[in-house]
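Kindly produce the complete structure, drawing on both the sequences and the hints.
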Amino acid sequence: MEHSNIEFYEKQLSTRNKTRERFCDSSTFIRFLPLPLEQQRRTERETFPQPAGRPASLVVKERVCWYPVCKPVSIFLKDKVQNSNGRFVLPTSGPVPYGTQIPGLIRMFNYNGDEVKKSEFPNGGNYTSPLQEGSFDLYGGRVLKLGTNMYSVSRPVETHMSGTSKSSASHAKENAAPNPLAKEELNLLARLMGHLEVKKTTGSESGFRVNLFSTDEEEEEAAILRPSEFSYQFINIQATQDQQSNEELARIMGEFKEEDTVSQSPCSKGDDLLAMMDGL
Amino acid sequence: MYRREKSIQIKSSASALYNNLSVLPIAEKCLTYFTVVHCNVVNMVSASGDGLNFSHRQLQSKEGSIAASSSLIIQASWCVLPSRVLLVLTSQKGIQMYESDGSIMVYWHALDIPETPSDEAVFARGIAAATTLGHYICVGTSSGSVLVFKIPDKGANIILSEVLEEHWDPITDIATETSSSKEYIADIVSADDSGLLCIWKAGKDFKLLKKIPAYGCSCSSVKLWCGIVIAGYGSGQIRLYDALSGVVHAEVNAHARWIYALDIAPDSGKLLSGAEDSLVRIWKLSKSPESHTVEIEHQHTECVTDVQICGAKFCDPEGSAFAVTGYDLSEIIRYTVV
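Keeping their order, the protein sequence lines are chains R and A.
Numbering-wise (our numbering), the first sequence opens with residue 1 and increments by one.
Numbering-wise (our numbering), the second sequence opens with residue 281 and increments by one.
To be clear, the hints were calculated from the coordinates, so they are not data collected in a lab.
Honestly, I wouldn't trust all of these hints.
Restricting the straight-line Cα-Cα distance to at most 30 Å, the calculated cross-link-like pairs of lysine-lysine (DSSO-like) are [as the list claims (entries may be wrong)]:
#	chain 1	residue 1	chain 2	residue 2
1	A	K564	R	K118
2	R	K117	A	K430
3	A	K567	R	K118
4	A	K491	A	K567
Here it is as structure tokens:
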């Protein structure tokens, strides 16, 4: 019986995942937003509890007919921004909108416009000062989250998932705005380990000097061995080529390569780097 | 102070429109009528005094005097005149007037809809009755004009008597003086999307008494009581003004979100406010005759969890009971004083 329940929703999802149109079934509107199917099944089981002893498929169809209002099931459920009955949470706390005062103050005036009395009342909530107004220019801080990508934030996976959850969680993390300096450092590290293609850099930044060798003499030796056709400004580290000539570097490279796994996707490259750095 | 009663279920939910609840108590029959607007339909419920019996009726928006329409209804409100009570519906196409129980439509007025559709929406909004020097019903439009209809004591011979052009933004609400005393000169106040308020004296020719300028925020709901203009704004503030001089009596930081509905109980001076922040608040207005100052104090707050309030009305002139509607909520929530 459970199977027919899931099949019912799978059919709806496959047609409706392409568009996000409202779906009308008899007198109701239900909107399905794309969710990983596994999560969708669990969410549906939670929001449509099955009373004992009745065929699940019938119950599902009955419940579809009962709800007379829009019941979109969306990712907001996980964020606790939406309740399981579909209603959105309206908190009586947090910042008031720009242009609104925190409720609680009454000011009374006389005919001359002078304030003659002030009183306060409990506002029944926990409101804070308004945030600054968002920018209306072409580029500028918007302050609000309205219009941003609601799928870009990583979420702790509440529903129990088997096996593949780890990769999807780290994939989502990657979308958080990276620190550009950290990104550059990781790129440099990856380049050094030979995972990324060797790129010509535009010259070392002022104030930053990398010495991979334990002594300056070794650095000079490597500089002598560097092919002369490259101009002096470029730092071109070809770890694979120099492996034979520099034993120390070869040894370090060998230590890295033990845990190395060959993979093509950029996502797992990031994984490997992080895992290796954790292991060090 | 107030206790929540059993809600009245309605056939469809409430749309997120300003002042989306109208209540007509009929004391002699021990009945209360409620109307709630949803898309192109008005749900009307009549509730018996004991709260046990309900009867439902649905009114549709029209295009012309007969054809049903899918155009949206913006507001529904009863207009109480000395000789009769009319139920007025305003939509994107025009104005429909019914007998008070919604049984017969007595009048249809089509709005001027431009041939080529423009950026601006066309609709009517803002309904109030004026009873000094004749019986009138005022209805606002999205162009800012206020249409004044002259209403006969009975029958369908309703005529458009005047068009008032002082607003430049869509009218949001119109209110009539609710105190029974005859001493107050101002009869009608109209509010618009920009926050401008106009105070009028009713008659064969309506006279503009005062314009209260906007302070930067839309005014969604307005009431008039004992010469005091009570205005609710999108900033969540309620302001009290003197109707004749425009002087600000009081400023209340009342709500954390947009105010959608206000109502005044004329016999007690209680004020009801409902906003998108899910809170309904009761206030008490008092006027001291010697100092001519107006005071307002907060009395009570009710929280309707996770519901954007879009309609709030007292169910009797004393304010001992009130009802509330919420966006996408299929019930009318009622409270009575304990």
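Now the hints, each set against the structure:
1. K564/A / K118/R: Holds - the C-alpha atoms of K118/R and K564/A are around 15 Å apart, at most 30 Å.
2. K117/R / K430/A: Violated, at roughly 43 Å.
3. K567/A / K118/R: holds (16 Å)
4. K491/A / K567/A: holds (22 Å)
Against the hints set out earlier in the document, a violation occurs for number 2 only.
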